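S.K.: Single-letter residue listing:
6 protein chains.
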Amino acid sequence: MRPSRRAPDELRPVSLERGVVKYAEGSCLVKFGDTHVLVTATLEDRLPPWLKGQGRGWITAEYGMLPRATLERTRREASAGKQTGRTVEIQRLIGRSLRTAIDLEALGERQITVDCDVLQADGGTRTASITGAWVALADCIKWMKTRNMLKTEVLRANVAAISCGIYNGTPVLDLDYAEDSEAETDANFVMTGDGRIIEVQGTAEKTPFTEAEFLALMALARKGVARLVDLQKMAVA
Amino acid sequence: MRPSRRAPDELRPVSLERGVVKYAEGSCLVKFGDTHVLVTATLEDRLPPWLKGQGRGWITAEYGMLPRATLERTRREASAGKQTGRTVEIQRLIGRSLRTAIDLEALGERQITVDCDVLQADGGTRTASITGAWVALADCIKWMKTRNMLKTEVLRANVAAISCGIYNGTPVLDLDYAEDSEAETDANFVMTGDGRIIEVQGTAEKTPFTEAEFLALMALARKGVARLVDLQKMAVA
Amino acid sequence: MRPSRRAPDELRPVSLERGVVKYAEGSCLVKFGDTHVLVTATLEDRLPPWLKGQGRGWITAEYGMLPRATLERTRREASAGKQTGRTVEIQRLIGRSLRTAIDLEALGERQITVDCDVLQADGGTRTASITGAWVALADCIKWMKTRNMLKTEVLRANVAAISCGIYNGTPVLDLDYAEDSEAETDANFVMTGDGRIIEVQGTAEKTPFTEAEFLALMALARKGVARLVDLQKMAVA
Amino acid sequence: MRPSRRAPDELRPVSLERGVVKYAEGSCLVKFGDTHVLVTATLEDRLPPWLKGQGRGWITAEYGMLPRATLERTRREASAGKQTGRTVEIQRLIGRSLRTAIDLEALGERQITVDCDVLQADGGTRTASITGAWVALADCIKWMKTRNMLKTEVLRANVAAISCGIYNGTPVLDLDYAEDSEAETDANFVMTGDGRIIEVQGTAEKTPFTEAEFLALMALARKGVARLVDLQKMAVA
Amino acid sequence: MRPSRRAPDELRPVSLERGVVKYAEGSCLVKFGDTHVLVTATLEDRLPPWLKGQGRGWITAEYGMLPRATLERTRREASAGKQTGRTVEIQRLIGRSLRTAIDLEALGERQITVDCDVLQADGGTRTASITGAWVALADCIKWMKTRNMLKTEVLRANVAAISCGIYNGTPVLDLDYAEDSEAETDANFVMTGDGRIIEVQGTAEKTPFTEAEFLALMALARKGVARLVDLQKMAVA
Amino acid sequence: MRPSRRAPDELRPVSLERGVVKYAEGSCLVKFGDTHVLVTATLEDRLPPWLKGQGRGWITAEYGMLPRATLERTRREASAGKQTGRTVEIQRLIGRSLRTAIDLEALGERQITVDCDVLQADGGTRTASITGAWVALADCIKWMKTRNMLKTEVLRANVAAISCGIYNGTPVLDLDYAEDSEAETDANFVMTGDGRIIEVQGTAEKTPFTEAEFLALMALARKGVARLVDLQKMAVA
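These protein sequence lines are chains A, B, C, D, E and F, in that order.
Sequential numbering of the first sequence, starting at 1183, is according to the working numbering.
Sequential numbering of the second sequence, starting at 1183, is according to the working numbering.
Sequential numbering of the third sequence, starting at 1183, is according to the working numbering.
Sequential numbering of the fourth sequence, starting at 1183, is according to the working numbering.
Sequential numbering of the fifth sequence, starting at 1183, is according to the working numbering.
Sequential numbering of the sixth sequence, starting at 1183, is according to the working numbering.
For the record, the hints were derived by calculation from the structure and aren't laboratory data.
Misleading hints may appear alongside valid ones.
[Said to hold, decoys possible] Covered stretches of chain A, as calculated for chain D (at least 3 residues, CB under 8 Å):
id : stretch
1  : 1199-1213
2  : 1374-1382
[What the hints assert, rightly or not] Under the rule of at most 30 Å between Cα atoms (straight-line distance), these lysine-lysine pairs were calculated in the DSSO-like manner:
id : chain 1 : residue 1 : chain 2 : residue 2
3  : A       : Lys1388   : A       : Lys1204
4  : D       : Lys1234   : A       : Lys1388
5  : C       : Lys1204   : E       : Lys1264
6  : D       : Lys1388   : C       : Lys1264
[Unchecked claim] Some chain C residues well away from chain E (every beta-carbon gap over 12 Å; in silico):
id : residue
7  : Lys1234
8  : Glu1244
9  : Glu1254
10 : Val1296
11 : Ala1318
12 : Asn1350
13 : Ala1398
14 : Leu1413
Bear in mind the structure is a predicted one, so any value in this text is a computation, not a measurement.
Just so you know, even glycine gets a beta-carbon here, dropped at the ideal spot from N, CA and C.
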């Protein structure tokens, strides 16, 4: 039995609210249960120096947590003077995941920066961030289309992410914090709506896991991502 | 005529929503029009080293802005590796203002950290932060009282803050961004409900101002703070 | 009775010595009693990037304290790797105050950097810095005039600064360290010679203060600044 | 055809040389073809603060590259003042992977720090690091046994890592730099000798991949890791 | 002919003024011509962690330059966030030189921090710093003796420093900036009054130099240091 | 008797192995006994900004130690976020020493960066670095000649370095760690093959030393450098 009494293949209540910030070209407040992330997409004409003049655009991501998004207060990274390794790892994952969803040539020499700021954290902040970031990105691209800034379709696919894990011996979908801190194995899947894989990261917390266990997690993830992609489609419709 | 069509002594619509974050001992989402700040109050048993063993507690504040809280994206301080001078100045002001509101001896050897994170910025983020922070602080103290952690009253007074400025020659209350960027003179007042002053900061943006002008701003501020304190009282009731 | 036996409206002995550093375009060693600050003004042709091509100049300030300017040694900021919040706050105040004294268009596309380095600190380092900085700035502008670099008058007004506070229930002028650490209320005024206000910052250290108290401090400050401006005029004559 | 003319399931020449550094409790110079990593294991009695008094030890890892390990010189991180995101990500992966191989309770309240420094980089530096780190760790544990510091077996399993990818449409094992920069899909597997999974990370560089493709990579990885574990056993014998 | 018209073995006018800072246990304003350094000595009961409990004290030094001590303004290290390599090198030299002058056991478990801040720089700041630092140190030790804090003599010898160089083919003593920037060879000598060597650093700026040339510089230095030590003795008498 | 049983004027076994790194334009693995340093020389077309357009090239050096190059693990500088004073001092010495060996005009507007990374440290890492760096530099210049990038000879002289010290009252050559930590006096000499001096640094660890002692060390150094230069000539032949 999961602490939340969810079925093994049951997502937490998910909401994807667009247009939540006044200034951003795209934005989304994404909630996976008690995990709340505010995502904005900022369009800029400048590119990183190493990309200039190649006829391609770029998508980059930054991630942060408000200090009291967590059960105990976490030190503010701006005050500590550096981002933690966890933050760096997550924001690189978000950026890579989104770039696969986008035709960078079609975007043109522009950069979209996606900021994912966790207002409240109850497990799965990186998967919620990616899922919401796709919506903010789609919002931003719609903004560009309205202004005739794009000649062809830029979005190649829906991209969403979900975590899975083996909790008390059972593969379960969308771990919350209570489960995440107890799970033997923990994996994050970034996938397209049709079940193809963009990123997969699996970690044995204590005991190595088998291929069969991993495949069970992947099957759950495919189901969860399909549901998230449905919600994304509704959100941007 | 103000860009927002407000009367010179009219505040923007203000809301003070308590209990908005699951984990914090106190919290408040404060809105002054389109300026939105999420404030949390975190209670901890530890003190800064220089204060240990003196039988007194401490209130400290940190301030941040989400990168796209502003019209154009601002660089993330955690990624830049340092807080800007503006951030440092504001969080010191918030901390000083709140400490005057609190009986630090009665608090005991504990620290309350107030985090003010601006989700959307349309002028007056520091005054909104202070006004909301008082609510989060009151919320936190209520939390302590429920657990019998306090013997005597800790809150000495309501504290709220408002900006005033001379816009197009007229003293006006609660500047929004459009006014703030044009105002000749700009002042922030932190006051108690009965009109006594905790902090006052006035700056001539271009031309030095007279005592009479300053007194006109102070009169407006007193009016605005009285209204804010009423709203605080309703929020914590 | 003040620890220094001064009358409530009496400044400490003030001296403003020009030309104290061999290389700088302008310089001033300012003393407010035992508070000694070495100020230099450096003229440069470059501007901050955001100001280029606008036909205006800029005045910026930096502030520092020698480690043993204080009763106990303070950690060297260069060795700590960052400036403290107090330093940042003070140097921003100095910069803002001086910019109001200068016609930035008339200055042309040049930057003057004012460095205020406290050799010895006995309270009032920021007000001494501003008062001396105006002299170094005037010295630098005289240097420019001698070289026919300016077409019109650049200095718009004398600017000086003084602190006031309520000490043992009495409003007093120009707090030294012994008074400053005991004062109930503490305010810094940056003013022009004719009593108009450029910056005002008042802080209730323990108890909020009334408008009447604040006005008493302002009256003292006006008197002190008038005297400082007289001394500035003598120094640059 | 692979640029190196290797068969799809062929590793580069691998060597694992123990005892290469005079002072370290364990060390290994690992070579995967032209990728050379010097790994040391340092035993210390101190623990990270959050782990003290829990009767468990800790394994942590740090990763670095000599500036000219790469085709073009990379900026020295010590001189830049921070580790890159890539470095942080890799050293966290190495640490997690090794901790799964070790019985931390049996280790006792001690920390082993594994330093992986890349002398020459031709792709696969993280997998070579993990594979060599296990040997350095085993070396260190042997050193402890010789000194009767351990009561029970600490090493739970051999751990090795290998990369796989889809290159020109074909799944291949142990990508070198020429392949890595062209591969459509890239995955790193950290496994035990019997084919169980400790960490798996797969990334679609351009096009999302299918489960079938992923399983083909995993099968290759299992084969490669089995071979690496044989080599580890020979190295520590 | 030297630009300053000094004889080859002639020092610049040297002054060593004690007691120039109100709070420090020892202080000295040292001038070698237009090179002016303010030195303070701070006595503290704490020691660096690695030295605790060994019955010995420590002398450490920090060095800084005011931004406009130089012909062109130098960036403030506190604002840059780090000390330059030159600063680090000089302060390590000052510390080492002074420690040789002191019986660290006789000092007891205390640390004296010597701060050398260059107010004006015209060549030879490190040698002026060391020469003045010895006076500040002697001042501090006198302060300790007055308070009966020392049982035996702590100062083992006078220590002074001077630069020499080959300028236009001639060995000259005490280079000023004009000479220093042109000299073929440049050496700094830290010596005791009786001509023994504590530190020697010689650098060929362009062409390697011979032992004979080096010995000529050393002979000059011995002469200069003897004169400086006489001045130190007068200063502390 | 020296701990290593070497004669007073006997170097440790020295080896200089060229071409040890695949990508670098020049490289050398230098061993002075158990001190092992990997040196690479990187040729780049860019120059430091202050040197552009002057028709001259530049040689710069960076130095680092692997964390477990030492008896006890040293904190990784990249992780600490800054280079230690010792590192900064050494890399400046290496750079200065090499620049004297090179005709910077003949090099043209190019920069060669020499990276010296200590794999194992047993005393004398800076002298081994300089001696090996000359070989890597010569290697790099040979690489340039092969590509017709140089019109005239660039290398002006062989440059090598050695330490000497007074150990148990006897001047000895090439101190290892056991001697270095006990020596009364310690000096490093950077010289050309014909015995002229490029850099000399002597330090009295406890007692000041005499000119005679210093000359004895210099004589030893001359002998050692002559031998090292012979080895360099063999290495690059």
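S.K.: With d taken as the least Cβ-Cβ distance between Lys1234 of chain C and chain E, does d exceed 12 Å?
M.R.: 19 Å, holds
S.K.: Given the hinted pair Lys1388 of chain A and Lys1204 of chain A, is their Cα-Cα distance within 30 Å?
M.R.: Answer violated: Lys1388 of chain A to Lys1204 of chain A is near 45 Å, above 30 Å.
S.K.: Test the statement that Asn1350 of chain C is away from the interface with chain E: the closest C-beta pair must be farther apart than 12 Å.
M.R.: 25 Å, holds
S.K.: So Glu1244 of chain C supposedly isn't at the interface. Is its beta-carbon more than 12 Å from every beta-carbon in chain E?
M.R.: At roughly 5 Å from the nearest Cβ of chain E, Glu1244 of chain C sits no farther out than 12 Å, so the non-interface label is violated.
S.K.: Taking 30 Å as the top limit, are the C-alpha atoms of Lys1204 of chain C and Lys1264 of chain E close enough?
M.R.: 26 Å, holds
S.K.: Do at least three Cβ atoms from the stretch 1374-1382 of chain A come closer than 8 Å to Cβ atoms of chain D?
M.R.: Contact hint for the stretch 1374-1382 of chain A vs chain D: holds, 7 residues under 8 Å.
S.K.: Once the closest CB in chain E is found, is it more than 12 Å from Ala1318 of chain C?
M.R.: 10 Å, violated
S.K.: Mind checking the alpha carbons of Lys1234 of chain D and Lys1388 of chain A for me, to see if they're no more than 30 Å apart?
M.R.: 20 Å, holds
S.K.: Just checking, Glu1254 of chain C versus chain E, shortest CB gap more than 12 Å?
M.R.: Given a closest Cβ separation of 8 Å, the condition is violated.
S.K.: Can the restraint linking Lys1388 of chain D and Lys1264 of chain C be considered satisfied, given a maximum Cα separation of 30 Å?
M.R.: 42 Å, violated
S.K.: Take a quick look at Ala1398 of chain C and tell me if its Cβ sits farther than 12 Å from every Cβ on chain E, holds or violated.
M.R.: The assertion about Ala1398 of chain C holds, with a minimum of 31 Å to chain E.
S.K.: Leu1413 of chain C: least C-beta distance to chain E exceeds 12 Å?
M.R.: 22 Å, holds
Hints 1, 3, 6, 8, 9, 10 and 11 from the list above are not met by this structure, while the remaining hints are.
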